[in-house]
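J.: Assemble the whole structure, with the sequences as input and the hints as a guide.
Residue numbers (the numbering used here), protein chains in the order written: chain A, 1 to 475; chain B, 1001 to 1153.
What the hints contain is simulated information worked out from the structure, not anything from laboratory work.
For every residue, glycine included, the Cβ atom is placed at its ideal position computed from N, Cα and C.
One thing to keep in mind: the hints can contain errors.
One side only, chain A facing chain B, incomplete, derived with CB under 7 Å [unchecked claim]:
hint: 1; residue: Thr28
hint: 2; residue: Phe35
hint: 3; residue: Leu294
hint: 4; residue: Gly335
Which residues of chain A face chain B? A partial, calculated answer using Cβ under 8 Å [said to hold, decoys possible]:
hint: 5; residue: Gly34
hint: 6; residue: Ala36
hint: 7; residue: Leu87
hint: 8; residue: Val94
hint: 9; residue: Asp146
hint: 10; residue: Ala149
hint: 11; residue: Phe332
hint: 12; residue: Leu360
hint: 13; residue: Leu362
hint: 14; residue: Phe363
hint: 15; residue: Val370
hint: 16; residue: Arg387
hint: 17; residue: Gly389
As a plain string of letters, each chain reads:
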Amino acid sequence: MAAPVNGPGTDPRAAIAPGTAIPTRRGTELLLLGFAVLITLAAHLIIDITVTGSPGTELVTFGIWFSALWLVAHVVVRRFAPYADPLLLPCVAVLSGLGLSMIHRLDIAGTQLGGDEPTSVDAPVQLVWATVGLALFIAVLVIVRDHRALARFAYTLALIGLVLLALPAVLPNSEINGAKLWIRFGGFSIQPGEFAKICLIVFFAAYLVDKRDVLALASRRVLRLELPRGRDLGPVLLAWVASILVLVFERDLGSSLLLFGIFVVMLYVATERASWLVIGLLLFAGGAFVAYQLFSHVRVRVDTWLDPFAYADTGGYQVVQSLFSLGTGGLFGAGLGGGRPDQVPVAKSDFIAAAIGEELGLFGLVAMIVIYLVLVERGLRTSLVVRDGFGKLLAAGLAFSLAWQVFVVLGGVTGLLPLTGLTTPFLAYGGSSLVANFGLVALLVRISDAARRPAATATSTPAKLTDAPTEVVQQ
Amino acid sequence: MPAEIVLQGFRFGFLILLWLFVFAAFRVVRADLFGGRAGRVASVPPRAAASRKRGGRGPRHLVVTAGPLSGTRITLGEQAILIGRADDSTLVLTDDFASSRHARLTNRGGQWYVEDLGSTNGTYLDQQRVQGPLLVAPGQPIRIGQTVLELRS
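T.: Right, dumping it as structure tokens:
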């Protein structure tokens, strides 16, 4: 940012208002990170003792590894984003720690009780993925020193995003459980859609900052709604078509819903026009109706959502088991290690929220949701405080994408919404989702650092002014 | 299997631990909302911080100090003030360098922010080009083409 030219009578020293030696709050972050690690280790210990009677042998290595992970993250933030929001990282730590504990718990259940499906030991794998995610987190913080630089690569990122989104549809052998979402190579598979999401949010933010005046100001008033001109509908229709294509070719309800929701809300945030929400809802309703008529996999999802118990033995089995699981948990849960969360199919990834609901009960599940809420609140607050339009839209988009994803997943698990197959951010087993979401948080940390950083020019100007003897201040 | 009482202790102890974390997070959120509003204060231009200290209420008039409309005075209310050459602007400029919808002054909680609406030649607050919404302190000149405006209390 250029040093402000001082107008008549402006005293740069007045910028440092009394009592605002602006706290970086890194100490708070470290304390809360310690708390998060403590919670995770407590969960591990409780699970081991409850299920097997004694602490597991791998607890020590896990504890050291997990603590080191967050210590490194903290040091990197301290070094590269010293004014970042102190709550983002601890919330992520506690969520991923809770997820790791639940996956560990399901591992034990799988090996001990010999569940329905052959289970593997997934917690160490997930820990490795968390480490990879942390590497991405560090890379983003080190490379992206100013989030505004991202706006220059908006169209490149859009292209990358679209390619990533389209790749699984084109490639063969990308189908798991009926959805074509994965790229497989070697021994493992990645889900490029998770990364595409972030690329597209960056693009949306840059594009809408450019175009928001046209989209907001050129409008007709119909029935108390500011309707945009026909040709300005282009982008929203394009996003709609793209999400429909995802739905058709990859048979993925979740990504489709996620992308379209993010775009409509970012359009709304950029233009402050409620009409976009109405248009988005109408397009969504139309698309949903047509999809229901045309695609059998969508019809199955909707039918099992409307009456899961009628299809308890077929398509509704997952939801029914999930509901039983939540019901078993009740208010306070069965206690960690006390339930049978392995009864729900794919409990480690899609239904991890049901496992948490069973073992920690409503109170635990609500605590988890509140932690997500805090994470999203910090993102939205960053968006309010940050000074540039692109940063505002980007932070709002990233925060909303988290909220929207959690809402859609939990809606599916609890039977409020049709099941979509999105992953619960940070909690669920799955490398791509975890790594991509670490990248997302790195961007939020970067923007929040810019938002909370005291106007750097204000603190450095006095020194520079005394050094510069021949500066003429013009009236 | 450990004793039932231990299991119950684990069960509720962990929930309490989880909620303690949530409340610790809330405390940080609260400190941000009601404590030192560091992030906000830092972004306020110097004169604004000074005038707020004097405890004066918000500005009451918008005065044109230079340009063809010099001397025009608009009483400020709650509504936003649209400045530009368009006929429906609050302040209609007859300035060749102004765009038809040039800038907007909005009131948020008693403070006025100036915002450029994508004008061709830009809006300047104290010689600084307005990009995002900027807080306007009383007496701070806003320049649009040849017109200079300022807020007076």
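J.: Give a verdict on every hint.
T.: Each hint tested on the structure:
1. For A:Thr28, the suggested interface contact is upheld, since its CB lies about 6 Å from the closest CB of chain B, less than 7 Å.
2. This hint holds: A:Phe35 has a C-beta 5 Å from the nearest C-beta of chain B, less than the 7 Å allowed.
3. Hint on A:Leu294 is violated. Least Cβ distance to chain B is approximately 42 Å, over the 7 Å limit.
4. For A:Gly335, the shortest C-beta to C-beta distance to chain B is roughly 4 Å, which falls under 7 Å, so the interface hint holds.
5. Interface restraint check for A:Gly34: the shortest CB-CB distance to chain B comes to about 11 Å, outside 8 Å, so the restraint is violated.
6. With its C-beta approaching chain B no nearer than about 7 Å, A:Ala36 sits inside the 8 Å limit, and its interface hint holds.
7. Given hint, A:Leu87 at the interface with chain B, holds; its Cβ is 6 Å from that chain's nearest Cβ, closer than 8 Å.
8. Restraint check, A:Val94 versus chain B: the minimum CB separation of about 6 Å is within 8 Å; hint holds.
9. Taking 8 Å as the C-beta cut-off, the interface hint given for A:Asp146 is violated, the closest approach to chain B being about 15 Å.
10. Of the supplied interface hints, the one on A:Ala149 is violated, with its beta-carbon coming no nearer than about 16 Å to a beta-carbon of chain B, more than 8 Å.
11. Checking A:Phe332 against chain B: minimum C-beta separation of about 7 Å stays under 8 Å; hint holds.
12. With a least beta-carbon distance of about 6 Å to chain B, the hint placing A:Leu360 at the interface is held under the 8 Å criterion.
13. Hint status for A:Leu362: violated, given a least beta-carbon distance of 10 Å to chain B, over 8 Å.
14. Given the 8 Å rule on beta carbons, the hint for A:Phe363 holds: about 5 Å separates it from the nearest Cβ of chain B.
15. Taken as an interface hint, A:Val370 checks out: its beta carbon lies about 5 Å from the nearest beta carbon of chain B, inside 8 Å.
16. For A:Arg387, the shortest C-beta to C-beta distance to chain B is roughly 5 Å, which falls under 8 Å, so the interface hint holds.
17. A least Cβ separation of about 6 Å between A:Gly389 and chain B falls short of the 8 Å threshold, and the interface hint therefore holds.
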